[in-house]
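Please model the complete structure; the sequences and the hints are all you need to start from.
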Amino acid sequence: DLSGNIPKEWKNVGRNLGLKDEKLCIIETDFNKQGHQETVYQMLRTWKNSNSSNATFRVLGEALYKAGRADQQLKLYEK
Numbered sequence: 001d002l003s004g005n006i007p008k009e010w011k012n013v014g015r016n017l018g019l020k021d022e023k024l025c026i027i028e029t030d031f032n033k034q035g036h037q038e039t040v041y042q043m044l045r046t047w048k049n050s051n052s053s054n055a056t057f058r059v060l061g062e063a064l065y066k067a068g069r070a071d072q073q074l075k076l077y078e079k
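Residue numbers for the sequence shown follow full-length UniProt numbering, beginning at 1 and rising by one.
Only true hints are included.
Quick list of simulated restraints, FRET-style, between CB atoms: (1) Lys33 x Arg58: 29 to 39 Å; (2) Tyr77 x Gly4: 17 to 27 Å; (3) Glu78 x Cys25: 29 to 39 Å; (4) Asp30 x Lys8: 12 to 22 Å; (5) Asp30 x Pro7: 15 to 25 Å; (6) Asn5 x Arg58: 13 to 23 Å.
When the alpha-carbon atoms are kept at most 30 Å apart in a straight line, the in silico DSBU-like pairs for lysine-lysine are as follows: (7) Lys23 x Lys48; (8) Lys23 x Lys8; (9) Lys20 x Lys66; (10) Lys33 x Lys11; (11) Lys33 x Lys20; (12) Lys11 x Lys66; (13) Lys75 x Lys48; (14) Lys20 x Lys75; (15) Lys23 x Lys79; (16) Lys66 x Lys79; (17) Lys8 x Lys66; (18) Lys79 x Lys20; (19) Lys75 x Lys11.
For the record, the hints were derived by calculation from the structure and aren't laboratory data. Bear in mind the structure is a predicted one, so any value in this text is a computation, not a measurement. The C-beta atom is built at its ideal place from N, Cα and C for all residues, glycine as well.
See the structure below:
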């Protein structure tokens, strides 16, 4: 599950997906008590909901790569 595999880089991934720092801070504040995995899940959900047809595996993969997580990009593309 991707949301559990990008602990340090989740904000960079969010920025690479076009989310503003203000939105990332709101997500972190709202979901931090529910755990890191939920926070990352909500970030990805926010991105998907705000980009609908442009929220593709390719775009997510590029964001992971730019955040230094080519390993997670490869795992994503294997699915």
